[in-house]
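Protein chains in written order, with my numbering: chain A, 333 to 441; chain B, 4 to 219.
The hints are simulated quantities; they were obtained by calculation from the structure and are not laboratory data.
A few of these clues could be false.
Just a sample of chain B residues kept apart from chain A, beta carbon distances all over 10 Å, derived [what the hints assert, rightly or not]:
no., residue
1, D158
2, N161
3, V166
Examples of chain A residues toward chain B, derived with CB under 7 Å [as the list claims (entries may be wrong)]:
no., residue
4, L337
5, M348
6, S384
7, F387
8, L399
9, Y400
10, I404
11, G405
Ideal Cβ placement from N, Cα and C applies to all residues, glycine included.
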Amino acid sequence: MNISLFNLPNCLMLSMLLVLIGSYGVFRRRSLILVLLSIEVMLNGVNLSLVSFNFFRWGTVENSHYLYMLSIGVAAVEAAVGLSMIIVLFKNYNDITRNRISQLGEHAR
Amino acid sequence: MPVSPVVEIAFALSALVILVSSVAVVLVKNPVRATLLLIVSFLPTSLVYILLQAAFVGILQILVYAGAIMMLFTFVIMMINPSPKDGESPVGGSEGGEGGFSGLRGALIGLLIVGGLGALLLPMVFQAASQVSVAPVTKPGFGELSSISALLFEDPANNPLTVSFELISFLILVGIIAALNFSRRKGASADKEHAITTRPTEALPIVAREKAMDTK
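Chain A extracted, bound-state conformation (with noise of 0.2 Å):
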């Protein structure tokens, strides 16, 4: 095989695509479930470029390796805390549409 796929450029193709992709749920999406979900999307786009740049340009220390582990440290809390943000608007309002965001601090009912 002459033609060769797996390098630097269709790795960061596919990671760009990967947080296009979730950007477009993140602004069309209106259900705050759904834009969480494209948020992990376009995470793990930048999780798989951080570890290519690694493999392709710097393969002597793993720095991208520790970026990574910290990234999904701040995914799970980022999980955290907007799906407990999402409990509370659904307690108080019974609807997790993205308009009800702006009034999560007022009291309810």
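Based on these hints, arrange chain B on the given structure of chain A.
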């Protein structure tokens, strides 16, 4: 650079599966299906990590991402109980909404925004890729657990990565406190009402007063 055809085919197939399932995550209306499709897109991502000689990262992707974080999403979707009508339910509600653009026009505007973002990102990708002309040179044992742990925890008194790695736990603690605070706000007033029933001798006049003020 010579790469094994098995690696090429595995990379192409997993990239295809990742893209298709990610598009499905964004387009599908049912949140349960979206979560499961996201797990489907995480599995070939971990295969790509393994191809990039990051086996530990691939394991973390499955264990932490697909195992723990997606389970959190599934629990929350289970708690708030989406109704069977996917398109109109407040939980699974799809697009547009009051004050937003819906239907074809909204999709067009979303694609326009995303296309502009892609036009910004694409030259960066090509510029970053053009600066790499050499084949990847990895040290022996690259990406293995012993190598990563040596990077993180070697000489812990002087290693900045050790400190910042431990600071992740502090970040998670802050996240836990924030989530507890969110869930506590409504429960505090409910606790006050319940305290009346637990102390009957003090609570009796309060209950009587409330009953007197009750106009219904």
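Hints, verified against the model:
1. D158: 15 Å, holds
2. N161: 16 Å, holds
3. V166: Holds, because the least Cβ-Cβ distance between B:V166 and chain A comes to about 12 Å, which exceeds 10 Å.
4. L337: 5 Å, holds
5. M348: OK, holds: A:M348 within 7 Å of chain B, min 5 Å.
6. S384: 6 Å, holds
7. F387: Given a least distance of 4 Å, the restraint on A:F387 holds.
8. L399: 10 Å, violated
9. Y400: 5 Å, holds
10. I404: 5 Å, holds
11. G405: 4 Å, holds
The structure fails hint 8 only (numbered hints given earlier).
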